[in-house]
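Let the sequences and hints guide you as you build the complete structure.
Line by line, the protein sequences give chains C and W.
Count along the first sequence from 1, add 442, and you get the number used in the working numbering.
Count along the second sequence from 1, add 171, and you get the number used in the working numbering.
It is worth saying that the hints were derived from the structure and are not from the lab.
Errors might be hidden in some of the hints.
Unchecked claim - Result set (BS3-like, lysine-lysine): computed pairs, CA atoms no more than 25 Å apart in a straight line: (1) W:LYS225 / W:LYS269; (2) W:LYS269 / C:LYS495; (3) C:LYS453 / C:LYS499; (4) C:LYS512 / W:LYS269; (5) W:LYS225 / C:LYS499; (6) C:LYS512 / C:LYS499; (7) C:LYS512 / C:LYS495.
Spelled out from the first residue to the last, the chains are:
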Amino acid sequence: DAGITQSPRHKVTETGTPVTLRCHQTENHRYMYWYRQDPGHGLRLIHYSYGVKDTDKGEVSDGYSVSRSKTEDFLLTLESATSSQTSVYFCAISELAVWTDTQYFGPGTRLTVL
Amino acid sequence: GIQVEQSPPDLILQEGANSTLRCNFSDSVNNLQWFHQNPWGQLINLFYIPSGTKQNGRLSATTVATERYSLLYISSSQTTDSGVYFCAVESPGDSSYKLIFGSGTRLLVRP
Chain C
443 DAGITQSPRH KVTETGTPVT LRCHQTENHR YMYWYRQDPG HGLRLIHYSY GVKDTDKGEV
503 SDGYSVSRSK TEDFLLTLES ATSSQTSVYF CAISELAVWT DTQYFGPGTR LTVL
Chain W
172 GIQVEQSPPD LILQEGANST LRCNFSDSVN NLQWFHQNPW GQLINLFYIP SGTKQNGRLS
232 ATTVATERYS LLYISSSQTT DSGVYFCAVE SPGDSSYKLI FGSGTRLLVR P
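Here is the structure:
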């Protein structure tokens, strides 16, 4: 299994508070991704990174920001959490670009915004 | 953007039965992957298969890119095969780096 950890694994927070989720990998892969999984929508890409300090938006990026200061860490921040951001968040990594390579997923973080 | 449809949405099998899951996509693809999400939520990559056929134990997959579909075969199903199976694609017609997921096939294998 690819060495991917996510923290925290579960979090309950209140509307309006900032929240940061962390993804850590030990594979030294260049590409990292954040997805959210919701009933009826499957997995949707939030943001991705193609290198240190190189990030770009996915299809559902509003209300989220990311940072990648080291190869092994990719942070997802909810600037001001809303109830619509209650979801399960998955981090993924790939050694090569998405069009040529396999993605490996972390265990997920279940976030509840009250 | 590219559309990904999976069928059937739900499937119930008796242990030992075989099954075929289908993934249709609306445009040409560079990448197609099959994932299994187990009942504990973990997503596990099964196949990277933009074209051709691959086999791994009781599982095999075939992608016919020219006809825009992929099939996942599960033989001699076991209760541990239960979960949701996702097909995901990346299309050159969409923006780079987007892996688009289908809505999944939920499989329950009964003992």
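Hint-by-hint comparison with the structure:
no., hint, in the structure
1, W:LYS225 / W:LYS269, "23 Å, holds"
2, W:LYS269 / C:LYS495, "19 Å, holds"
3, C:LYS453 / C:LYS499, "24 Å, holds"
4, C:LYS512 / W:LYS269, "22 Å, holds"
5, W:LYS225 / C:LYS499, "33 Å, violated"
6, C:LYS512 / C:LYS499, "19 Å, holds"
7, C:LYS512 / C:LYS495, "8 Å, holds"
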